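Novice: Using the sequences and the hints, build the whole thing.
First residue of the sequence shown: 1, per this note's numbering; consecutive thereafter.
Hints are not guaranteed to be accurate.
What the hints assert, rightly or not - Pairs of lysine-lysine, DSBU-like flavour, derived with a Cα cap of 30 Å:
| hint | residue 1 | residue 2 |
| --- | --- | --- |
| 1 | 90 | 122 |
| 2 | 78 | 90 |
| 3 | 122 | 78 |
Unchecked claim - Beta-carbon label-pair distances, calculated as ranges:
| hint | residue 1 | residue 2 | range |
| --- | --- | --- | --- |
| 4 | 5 | 116 | 41 to 51 Å |
| 5 | 90 | 42 | 32 to 42 Å |
| 6 | 153 | 61 | 41 to 51 Å |
| 7 | 69 | 42 | 33 to 43 Å |
| 8 | 151 | 3 | 14 to 24 Å |
| 9 | 70 | 4 | 34 to 44 Å |
| 10 | 61 | 155 | 37 to 47 Å |
| 11 | 82 | 152 | 39 to 49 Å |
| 12 | 70 | 3 | 35 to 45 Å |
These are calculated hints, taken from the structure and not from any lab test. These numbers were taken from a predicted model, which means no experiment stands behind them. We put the beta carbon where it would ideally sit given N, CA and C, even for glycine.
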Amino acid sequence: MSIELLIENYGLLAIFLGAAIEGETAAFLGGVVAHRGLLSYSAAASAAVAGSFVGDQFWFFAGRYAARWSFVRRLMEKPALARATQLLEKYPTGFILAFRFLVGLRTISPVVIGTTRIPTGKFVVLNAVAALAWGQLFTALGYLFGHGIQQLLGHLPLHRHLLIAAGAAAVIAAAAFAFRKMRPSAGHS
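Specialist: See the structure below:
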């Protein structure tokens with residue numbers, strides 16, 4: 001089975017699961033694949049939005065109802081917890097809308113929110129709005145990146161196009177992580 005056929009058959013599922021588990025890279029690569037015409041842009045973006053929404057709902061409910069489970073306790077021990085809690089207390093609505101865009105706070109934040117008194121309905125609505133913005137943004141960035149690579153290097157074989165895109169996403173993620181670690185306030189309340 002060719003990579004093109006794999007993407008056509010399982011790409012949306014991969015974007016959905018990737019957005020739920022990891023996030024940006026899956027949505028970004030979904031945009032690149034949409035640029036190549038293997039998936040429609042709207043389907044790739046919808047899969048990213050849905051995956052992000054479902055993943056964050058899962059972590060919210062883990063915080064709300066499963067705080068005693070060992071994997072949730074391990075998440076709650078992460079250094080980012082203090083920063084997430086501080087931001088949530090100061091800006092509850094803004095934090096719910098923004099956490100998925102903040103390096104190092106994406107997974108822990110919905111768990112922390114779930115442990116608070118924030119109503120489930122409020123989180124669902126704000127999570128849906130934020131997931132819509134996030135999924136559209138990162139899929140669009142991938143689509144534009146795919147277009148830029150094609151303009152610079154011509155029509156590459158798909159595997160090379162995806163390797164360049166994945167490499168760029170990895171470099172950006174590493175730079176964001178390094179920037180966060182270098183900041184004096186990183187991980188501190």
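Novice: Determine for every hint whether it applies to the structure shown.
Specialist: Going through the hints against the structure:
1. 90 to 122: holds (17 Å)
2. 78 to 90: Within the cut-off at roughly 20 Å; holds.
3. 122 to 78: Distance ~25 Å between residue 122 and residue 78 Cα, so the pair holds.
4. 5 to 116: 41 to 51 Å: Hint holds: Cβ distance 46 Å, inside 41 to 51 Å.
5. 90 to 42: 32 to 42 Å: holds (36 Å)
6. 153 to 61: 41 to 51 Å: 44 Å Cβ-Cβ, so the 41 to 51 Å window holds.
7. 69 to 42: 33 to 43 Å: holds (37 Å)
8. 151 to 3: 14 to 24 Å: About 22 Å separates the Cβ atoms of residue 151 and residue 3, which means 14 to 24 Å holds.
9. 70 to 4: 34 to 44 Å: Hint holds: Cβ distance 41 Å, inside 34 to 44 Å.
10. 61 to 155: 37 to 47 Å: holds (45 Å)
11. 82 to 152: 39 to 49 Å: About 43 Å separates the Cβ atoms of residue 82 and residue 152, which means 39 to 49 Å holds.
12. 70 to 3: 35 to 45 Å: holds (38 Å)
Hint compliance for this structure: every hint is met.
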